[in-house]
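J.: Chains as they are written, first to last, in my numbering: chain G, 12 to 176; chain B, 16 to 298.
Because the hints were derived from the structure by calculation, they are not lab data. Some hints could be false.
Cβ pair distances, simulated, as ranges [said to hold, decoys possible]: (1) B:71 <-> G:134: 33 to 39 Å; (2) G:132 <-> B:267: 34 to 40 Å; (3) B:266 <-> G:20: 39 to 45 Å; (4) G:97 <-> B:164: 48 to 54 Å; (5) G:132 <-> B:164: 42 to 48 Å; (6) B:242 <-> G:55: 45 to 51 Å; (7) G:165 <-> B:242: 58 to 64 Å; (8) B:26 <-> G:97: 41 to 47 Å; (9) B:212 <-> G:23: 57 to 63 Å; (10) G:134 <-> B:272: 32 to 38 Å; (11) G:165 <-> B:163: 53 to 59 Å; (12) B:83 <-> G:128: 27 to 33 Å; (13) B:183 <-> G:113: 50 to 56 Å; (14) B:26 <-> G:92: 38 to 44 Å.
Just so it is clear, CB atoms sit at the ideal spot from N, CA and C, and this is done for glycine as well.
For reference, the chains in residue letters:
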Amino acid sequence: MGSAIVILEVDGREVEVLASPLATLQAVLRTQLGRTGVKDGCRQGGCGSCTVLVDGEPMLSCLLPVRDVAGRRVTTIEGLGAEADLHPVQAAFLDHNGFQCGYCTPGMELVAAALLEHDPRPSREAIGEALSGNVCRCTGYLPIVEAIEAAVAQPAGREGGSPDA
Amino acid sequence: MTVTDYFQPRSLPEALDLLGTHGPELLVMAGGTVAMPLINEGISLPRQVLGLRHAGLDRLERVGDELRIGATATLSSLAAQDDVPLLREAARRTASWAVRNMGTVGGNLFTPPPGGDVATALLALDARVVLAGRRGERSVPLAGFFTGFLTTELGPDELVAEVVVPLGAARTAFRKFGRKAANTPAVVTVATVATLDGGVVREVRIALGAAGPHPFRAVAAEQAIVGRALDDAAITAAADAAVEACDPLTDAVASAWYRRRMVRLFVRRALEDLARPASGREA
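The whole structure should be built from the sequences, with the hints applied where relevant.
T.: See the structure below:
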């Protein structure tokens, strides 16, 4: 049986794609929609570099048939912020050198952004648990955790909660 | 070989019809966290896949003194069940956030060791599994569901519809030992539930994960402490019996030799948790 049309929302826009039966969201985002910020790491759900948000929740696009997210809202790193208007997490990663090669960065930042939506003031332990599915082979994680802690401390347009002193 | 059909039934009867029509060759998948890695790697080469994500099996509700968990309820939804700490802890200690947002309770019953932490907790809670077929449903104790490595009681024309957990006032303890603090496969997982009466064990269940071909109850360890005070001698007897009962695998996480030793240690710690006042520590 052949391909079928799937309609979903990607980074705030409704898109229509033609997908083979078990095409992954990862493959569709990268090859049809130009979202190369969605990385192609292990395809095993083990590295987190393909993480996207589906209705705001982190999921692994390499394990997700695109047909399962028809009608859902998908956010990639390309839609988290704009170059001129970075998400606070993105700005914090820049300020704190939260990356070296950058391959894990999209997944890390999306998970961090989702974490702050759930828990505006996460403990260091909660940050570590949230990031546990995202593998970085360069930095040793400390600058990444520090970047997220800095994003927590920022007021940056986030409603409620006062900034740290 | 490529997948020619991805079926997405909208109800359990529709899913059972598809299973009946296309036969046991159909690969059944829910969250995809076990099946998709094998497909991506080319280890599993199904022609037809049945996806249960939209089959309406994701309810999670308390009915009377039972928790009824739909087969495709996510591990994240279980991790939010504050009134069943044993299940909450088992879910929270499973994999990573993104995997928990996808992986399902039903799928956890089919996850090969060292996976199956939630299945281990469900065993300790004496859960039942509702198996649905075109001719009706049957309910089997989870303790009788596993039959061997990657084999279960599930018939070729059946699907797991629901897991039913009796809720009670028993003490519970959960211990998972892995090599990292989070997102770690188990060296060993121990889930225990006990009712104590004046310090004496009236009823106890001890379930082990990553300690055999599938999660199992260490019945001899349970028998070693029923009717006894939960003191050091009783706990030692139970830990010895658990080691005797286990048959762990050697894999990249740990050797069988090491797992046996950790079974002894973590059964002991779980029982010590139970012996403490209040309601047993969750770890």
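J.: Hints first: check each against the structure and report whether it holds.
T.: A quick look at each hint next to the structure:
Roughly 37 Å separates the CB atoms of residue 71 (chain B) and residue 134 (chain G), a value that falls within the hinted 33 to 39 Å. At roughly 37 Å, the beta-carbon separation of residue 132 (chain G) and residue 267 (chain B) lies within the given 34 to 40 Å, and the hint holds. Distance hint check: the CB atoms of residue 266 (chain B) and residue 20 (chain G) are about 41 Å apart, consistent with the given range 39 to 45 Å. A beta carbon spacing of about 50 Å between residue 97 (chain G) and residue 164 (chain B) agrees with the range 48 to 54 Å that was offered as a hint.
Separated by about 45 Å at the C-beta atoms, residue 132 (chain G) and residue 164 (chain B) satisfy the suggested range of 42 to 48 Å. Between residue 242 (chain B) and residue 55 (chain G) the CB atoms are about 47 Å apart, so this pair conforms to the stated range of 45 to 51 Å. The hinted range of 58 to 64 Å is satisfied by residue 165 (chain G) and residue 242 (chain B), whose Cβ atoms lie roughly 60 Å apart. Here the CB-CB span from residue 26 (chain B) to residue 97 (chain G) is close to 44 Å, well matched to the stated 41 to 47 Å.
Residue 212 (chain B) and residue 23 (chain G) have their C-beta atoms about 60 Å apart, which keeps the hinted 57 to 63 Å range intact. Range check, residue 134 (chain G) to residue 272 (chain B): about 37 Å between beta-carbon atoms, so the 32 to 38 Å window is met. Between residue 165 (chain G) and residue 163 (chain B) the beta carbons are some 54 Å apart, a value that agrees with the proposed interval 53 to 59 Å. Restraint check, residue 83 (chain B) to residue 128 (chain G): a C-beta distance of roughly 29 Å satisfies the suggested window 27 to 33 Å.
Under the hint 50 to 56 Å, the C-beta atoms of residue 183 (chain B) and residue 113 (chain G), about 51 Å apart, fit the expected range. Look at residue 26 (chain B) against residue 92 (chain G): about 40 Å separates their beta carbons, and that is inside 38 to 44 Å.
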